[in-house]
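**Q** Protein chains in written order, with my numbering: chain G, 6 to 947; chain L, 213 to 501; chain U, 1323 to 1572.
Careful: at least some of the hints might be erroneous.
Quick list of in silico lysine to aspartate or glutamate cross-link-like pairs, EDC-like style, CA-CA up to 16 angstroms [as the list claims (entries may be wrong)]:
| no. | chain 1 | residue 1 | chain 2 | residue 2 |
| --- | --- | --- | --- | --- |
| 1 | L | Lys500 | G | Glu740 |
| 2 | G | Lys947 | G | Glu120 |
| 3 | G | Lys534 | U | Glu1542 |
| 4 | G | Lys49 | G | Asp609 |
| 5 | G | Lys916 | G | Asp822 |
| 6 | G | Lys939 | U | Glu1542 |
| 7 | G | Lys357 | U | Asp1374 |
To give an idea of the chain G side of the interface with chain U (calculated C-beta under 8 angstroms), a few residues [said to hold, decoys possible]:
| no. | residue |
| --- | --- |
| 8 | Gly44 |
| 9 | Asp46 |
| 10 | Lys48 |
| 11 | Lys49 |
| 12 | Tyr53 |
| 13 | Gly65 |
| 14 | Ile75 |
| 15 | Met204 |
| 16 | Gly256 |
| 17 | Leu332 |
| 18 | Asp868 |
| 19 | Thr936 |
| 20 | Val945 |
Everything labelled a hint here was simulated from the structure, so no lab data went into it.
Think of the CB as a built atom: it goes at the ideal place given N, C-alpha and C, for glycine as much as any other residue.
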Amino acid sequence: MAYRQPVLETSPEVSDEIRRTTCYMCACRCGINVHMKSGPDGKKRVAYIEGNRDHPVNKGVLCAKGSAGIMQVNAPSRLRAPLKRVGPRGSGEFEEISWDEAMEIATGWLKPLREEAPEKLAFFTGRDQSQSFTGWWAQQFGTPNYAAHGGFCSVNMATAGIYTMGGAFWEFGQPDWDHTKLFLLFGVAEDHDSNPIKMGIGKIKARGARVIGVNPVRTGYNAAADDWIGITPGTDGLFILSLVHELMKAGKIDLDYLARYTNAPCLVAEAPGSAQHGLLLRDEGGKTLVIDRASGKLAPFDRPGVRPDLTATHEQDGVTYRPVLHLMADRYLSTDYAPETVAGRCGIPADKIRAVAAEIARVAFDEAFELDREWTDFRGETHKTMVGRPVSFHAMRGISAHANGFQSCRALHVLQILLGTVEVPGGFRFKPPYPKPSHIHPKPHCGVTPGAPLDGPHLGFVHGPEDLALRDDGSPARIDKAFTWENPMSAHGLMHMVISNAHAGDPYKIDTLFMYMANMAWNSSMNTKGVMEMLTDTDESGDYVIPRIIYSDAYSSEMVAYADLVLPDATYLERHDCISLLDRPICEADAMADAIRWPVIEPDRNVKGFQSVLIDLGVRLALPGLVSEDGSARYADYADYIVNHERKPGIGPLAGWRGDGTGAGRGAPNPEQLNRYIDNGGFFETHIPAEASYYKPWNAAYQDWAVSMGLFDSPQPYLFQLYVEPLRRFQLAAEGHGERQPPDHLRERIKTTMDPLPIWYETDQQGNEGFPVNALTQRPMAMYHSWGSQNAWLRQLHGHNPLYMPTRLMREHGLKDGDWARVSSPHGEITVPVMEMAALNDNTVWTWNAIGKRKGAWALEEDAPEATRGFLLNHLIHELLPPRGDGLRWANSDPITGQAAWFDLKVKIEKVAAPTESQPVFPPIKSPVGTGPKRLRWKVGK
Amino acid sequence: MHPARSVILFTTLSGLGFGLLIWLGLGLPTVTGWSAFAFFSVAYLLAGGGLIASTFHLGRPERGLKAFTQWRTSWLSREAWCSAATLLVMALYGAGLVFLEARWALLGWIGAALSLLTVFTTSMIYTQLRSVPRWHMALTPALFLSLALAGGALLAGQVGYAMPLLLLAGAIQIAHWLRGDGALARSGSTMNSATGLTGGPVRAFEPPHTGPNYLLHEMVHVVGRKHATRLRAIALVMMVLVPAGCLALPFSHSIAALAVLSHLLGILASRWLFFAEAEHVVGLYYGKR
Amino acid sequence: MTTLPESTDRKLGLVIDLDTCVGCHACVISCKGWNTENYGAPLSDQSPYGADPSGTFLNRVHSYEVQPEDGLAQLIHFPKSCLHCEDAPCVTVCPTGASYKRTEDGIVLVNESDCIGCGLCAWSCPYGARELDAAEGVMKKCTLCVDRIYNDNLPEEDRMPACVRTCPAGARHFGDLGDPDSAVSQLVAERGGLDLMPEQGTRPVNKYLPPRPKDRIAAEPRALEPVVEEATGFLGWLDRALDRLPGGGD
Ligand SMILES: Nc1nc2c(c(=O)[nH]1)N[C@H]1C(S)=C(S)[C@@H](COP(=O)(O)OP(=O)(O)OC[C@H]3O[C@@H](n4cnc5c(=O)[nH]c(N)nc54)[C@H](O)[C@@H]3O)O[C@H]1N2
Ligand SMILES: Nc1nc2c(c(=O)[nH]1)N[C@H]1C(S)=C(S)[C@@H](COP(=O)(O)OP(=O)(O)OC[C@H]3O[C@@H](n4cnc5c(=O)[nH]c(N)nc54)[C@H](O)[C@@H]3O)O[C@H]1N2
Ligand code: SF4
Ligand code: SF4
Ligand code: SF4
Ligand code: SF4
Ligand code: SF4
Ligand SMILES: [Mo]
């Protein structure tokens, strides 16, 4: 009998229309094709989301979150209208109000502040992708109290990178995925560069090249890695400096590169006790000097024809000047950094450290290759080829979220530079607008004048004590105490300190806390319970200690419950956004690119894009820049701002299709700009000429191209800073030099930690005796912080989170999978389910980040596993260290940048009988949006 | 496997029903009139009830008739045909006995054979599944058939046959358990073969989903060993020993009823174990059996 | 029709690279998205915002730890969907003919309008590749995106399964495993691609590329030769080395 099978329609219509925009299920900013289909009612709805193949970031691929976007735009947790609090703070009792009323309330609160004391507004935004706009708005308002989430996220990485080499990882650059042959990944579970890292690992693996993962936990990328180094948390700096030791000792460093492109040949004054000690030798114009190896004479580093000498020393006025490389040899060749010395501390056998160093050296030098591309450097010398050193590195919060993170990140950047593998083929490459030396970044501004804008941008890079944000009496000018002696280089601010400082009225009291897109009452806070108490605490007269809280969220998060006024945002498919070169664009190492979001669907609720609301508020407050002379609105809404705002003449939020539509980077505003973006798939991209594509900091062709694109006003070549002189300036102050002096209790710490050459020190955790185990979190690839749990598809993957424990600790505590343990730190305790994991550093436990949820949030039912079995590690982490007995409370942060030291957490573990729910349990919040349906059968087409 | 009530009821009741029909078909006992009516009613209630119970397991019972189409390959389809044919043939045969007091022996034998075949096809639905090693052995049809015969004999009051058949079924049951216990190991399927991973023992780490799903619900069921041993003992005692003991006693209706009831409960326990103890190899992927 | 075809013209299937998969679940969700909107009934979810969220997925990513006798434990992410077996037991057990294997490309499908939801095919599948949809009452399984791979409404480059198109790491490959010259067959030959549970006799079409050997750097310890013994000798070495650089000293 003949085989019969049904006839199948193999060419069904896929959709009625594709609208191309930018994903925002995380901050990676991939391009998406949103397939629209008409439902039975004829209305077009989102039917399917896939990656945009033409997009520079993701080239067609899409992660789990991105594909689940459809469940985000229909999530029952979406806020529906502006909310005014009617119950006590934290209860979740609200009344829906009109936008007019909401805006009147906000204006009524903010107007008097601006007129009398603008600093009484603290405006902090989360993983906002419009920081150039929100920061500018805050500047127009006049408050010094603005920052985004960088301070608790990875400011160590960013700052260390910018001071050292003019850029760091992720938004700043990427490995040369097409050429690299050995890729070392430090402390990354997922990162912002989610899809590109995965694509890169895929490329490397397809070529049979090797990946080494340095991470206490072997999951995800580290599981795919060929070699795993299960390092003890907080010791990467030591491990890296031991690699430096091995490489220097074996002469496996790129001397030519060091001499030409770094400050290794720059001359450091050896004048102990003087105010000059440790500073670099400069000419009158302030240019650092080197000794020309040909002439043996001093010369500015950038003079054409100069061959900086790495060995020659210089005497002048009785002071000896030695090249930076000498100082490095003195330090790193010491047996303090020998593999044997560090092995125990790092939890890595000495043999393995040596083997890794040998492998790095082998690939960097024996597998070096050349690209047949001529280029000319900033000294005017033309090079026939581009030399490739195919070793590349990437790192993120695993090394940055420790109290020694700044120096550890510095160590990693220095390692890359010693190998000569930054901005060369096969190595690490910057993405425009980087590279950009630290000295051309703005400095922090805190000049407040009632009724007027701030005297400049809030955030920036300090180069010495004179740049700190201190008031005349030496007290902090900012509510988060950024840019103070406690954390001088806090380039991103300290969002994690805002609530506790505002509550304590230290350094001063504020009136209105205005937050956007940050779930500070839950997963982004340290000491979550304490923060909830601070937010609800009242004074003697029964008023809230933090008088007013305005919050913008798109969803019914935990933080919503703590606001007095909630401004509901549209979702990412319902609003305009701008992923700008002024901010964090989507550039690639070979291309300059930026992107937009646009309303591919209209909101079906009474919500508005937050940036447009902010513009409206600015107009109501008559902020300069937002209103014309006659008081009328300059920008109708955010879309209008994106197109017409100019930072400098010819330079605005978007680089593409400026002027008559042919301008790239520079040009007058083009009213058609957004349409051109939409036609092009939501993004703009222009390629860097081939001769400009490597050696960017020193490549004349790149510098000229960057100027033509409006990235700089003039070429800005510079040297990599192995030795970071601004750090030394703070040390000098601590040693007693200069006008501005640190308080005495901070002198020692500044002297030891702000070393201009990378050092390693034990993360500062005295008071942890009896809490011997490291406790970490990792981001799940399929979840974005707290947002994922409202997503019907994603929460099936990660609906609760066990504490993963190494085999050794499981045995020691008599635990087996599914048992429960009480986990305590000096600060608090939680009771949670445990699971065994063998591929884990044997003194480390970990869990997925932000899976635990407060009952009543996110439109989940109160018995949702996220609330009954899920948990946060945050309850164990305090923003202050345990008391030391010196009468002071020290911040749980990096002493240089103020980066929150999430991963310094130490705990103790005890087996307990299973409770009915993971502990602690908080009373449910009343959901302002109810809960979701009992069943989903989502199909929009027929 | 998940011991679903519908499937346990189905196999238990229909096994007994068709078992009774075998004996009735053979004319053991030869009954007519009202007593035939009573016997056939019991048999049809059991067989039919079992079949109806089985449809509760279907996602789309209204399309049930489609199950008749694939008799060439599918044991489930064959079972549908056999049970329908049996019920039809035995209905005719029964009608003769009840209404005409006529025993069409040939029809009875055919019906008995079909009944036996039905039980066999039922057993083959499970036996054929290589993915469930505990079922995938010749002892499975032997168990189903011997239990149907023994239970049928008991219901049919065939004391002489029932006694040895009960003991035989008990022996097969024990063998099924013992062979079954090593079946997964003998199947060669392990976490290594399931994943193709070599180089050391494989342990399931993170599950693909923290929530429940169809596979876990349907196919991954873990019974504690102590619990299982206790249930096995209960099943054996109730299914075989109590009825056999009853048979050894002088006949009385209440004792006969006790024997049948005990046997029924015993089979239910045995069937519960049949499912609950059956490890589907998919459990290997979840690190569970 | 539940007899299996004698042979199929092609053997379309997936090749999954366990060395490269980072366990991101992208393939899981893009599959869910495509198949909720396309082929047959939507993949439903029960208790989507409640205590026991569950739903139908056609592709799931497990993870396993392997503990070598001496050496570090390894972790492997393991995506799994229907393997489109040549001797597919799920087809032959089906009482209704809803399950079938296509003659032209070997794709195993469920014709949902014939399915009674008896679940037997799912029982027969050793791999857990079939899930009964709780809302629809019919069996769902990977279709190998049969409504994409031949779809004239998609650009040619997109005529591949949703999961393959989306995989960020490039760990999923699609092609004709019946053609020894196809890219997928060559990959399988090169990397020693293997069958899951061969002892089950299903002859899967999909193949898995095993992880490459791990932790080799540590296994073959090497060390760099120092250029100088004493730290103080470094500067002398430096001077000599600089002289050797092109345009170095004289
Ligand atoms: N899917 C998804 N993507 C995200 C996010 C998300 O929530 N979900 N969040 C985004 C945000 S805001 C950020 S900041 C980035 C962060 O991206 P990642 O930097 O990847 O952040 P984490 O997941 O915290 O991973 C930290 C890693 O460092 C390891 N680690 C901890 N301590 C040490 C140590 O001392 N040494 C070493 N070598 N490793 C260590 C941990 O085991 C973990 O693997 O991800 C972004 N991308
Ligand atoms: N234990 C531990 N804690 C951590 C970390 C860790 O590694 N370990 N990581 C820290 C880091 S690096 C970070 S960045 C923070 C992140 O923590 P948060 O910044 O709090 O991140 P989310 O939970 O994503 O919350 C952001 C809020 O934005 C809302 N939101 C989402 N989309 C939109 C939108 O389109 N518009 C508006 N207006 N709102 C929206 C969400 O509903 C949510 O309430 O967590 C920190 N907390
Ligand atoms: S990585 Fe995923 S969630 Fe983030 S932007 Fe890209 S697709 Fe969206
Ligand atoms: S994997 Fe399972 S469902 Fe797929 S063809 Fe093989 S047996 Fe059938
Ligand atoms: S569930 Fe559907 S496809 Fe599977 S065997 Fe039953 S009828 Fe066939
Ligand atoms: S081939 Fe299609 S149906 Fe199959 S797993 Fe991939 S996306 Fe899902
Ligand atoms: S998308 Fe690719 S890398 Fe991610 S889990 Fe699936 S197969 Fe693995
Ligand atoms: Mo972050």
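**Q** If you draw a straight line from the CA of Lys357 (chain G) to the CA of Asp1374 (chain U), is it 16 angstroms or shorter?
**A** violated, 46 angstroms
**Q** Going straight from one Cα to the other, do Lys947 (chain G) and Glu120 (chain G) come out at no more than 16 angstroms?
**A** Not satisfied, since the Cα-Cα distance of roughly 58 angstroms exceeds 16 angstroms.
**Q** Regarding the pair Lys500 (chain L) and Glu740 (chain G), is the alpha-carbon distance no greater than 16 angstroms?
**A** Violated, because 64 angstroms separates the two Cα atoms, which is more than 16 angstroms.
**Q** Does Val945 (chain G) pass the interface hint, meaning its C-beta sits closer than 8 angstroms to a C-beta of chain U?
**A** holds, 7 angstroms
**Q** Can Ile75 (chain G) be said to touch chain U, with a Cβ gap under 8 angstroms?
**A** holds, 6 angstroms
**Q** Quick one, is the Lys48 (chain G) hint okay against chain U at 8 angstroms, beta carbons?
**A** violated, 16 angstroms
**Q** Does Asp868 (chain G) pass the interface hint, meaning its C-beta sits closer than 8 angstroms to a C-beta of chain U?
**A** holds, 4 angstroms
**Q** Does Lys534 (chain G) pair with Glu1542 (chain U) here, judged by a C-alpha cut-off of 16 angstroms?
**A** Distance of about 50 angstroms is beyond 16 angstroms: violated.
**Q** Given Met204 (chain G) as an interface hint, is the shortest Cβ-Cβ distance to chain U below 8 angstroms?
**A** holds, 5 angstroms
**Q** Would the hint on Tyr53 (chain G) stand, with a C-beta cut-off of 8 angstroms toward chain U?
**A** With a closest approach of 5 angstroms, the Tyr53 (chain G) hint holds.
**Q** Taking the least C-beta to C-beta distance, is Thr936 (chain G) closer than 8 angstroms to chain U?
**A** With a minimum Cβ separation of about 6 angstroms from chain U (threshold 8 angstroms), the hint on Thr936 (chain G) holds.
**Q** Less than 8 angstroms between beta-carbons is the criterion; does Asp46 (chain G) satisfy it with respect to chain U?
**A** Check failed: Cβ of Asp46 (chain G) comes no nearer than 17 angstroms to chain U, outside 8 angstroms.
Of the numbered hints stated above, those contradicted by the structure are hints 1, 2, 3, 6, 7, 8, 9, 10, 11 and 17, listed in ascending order.
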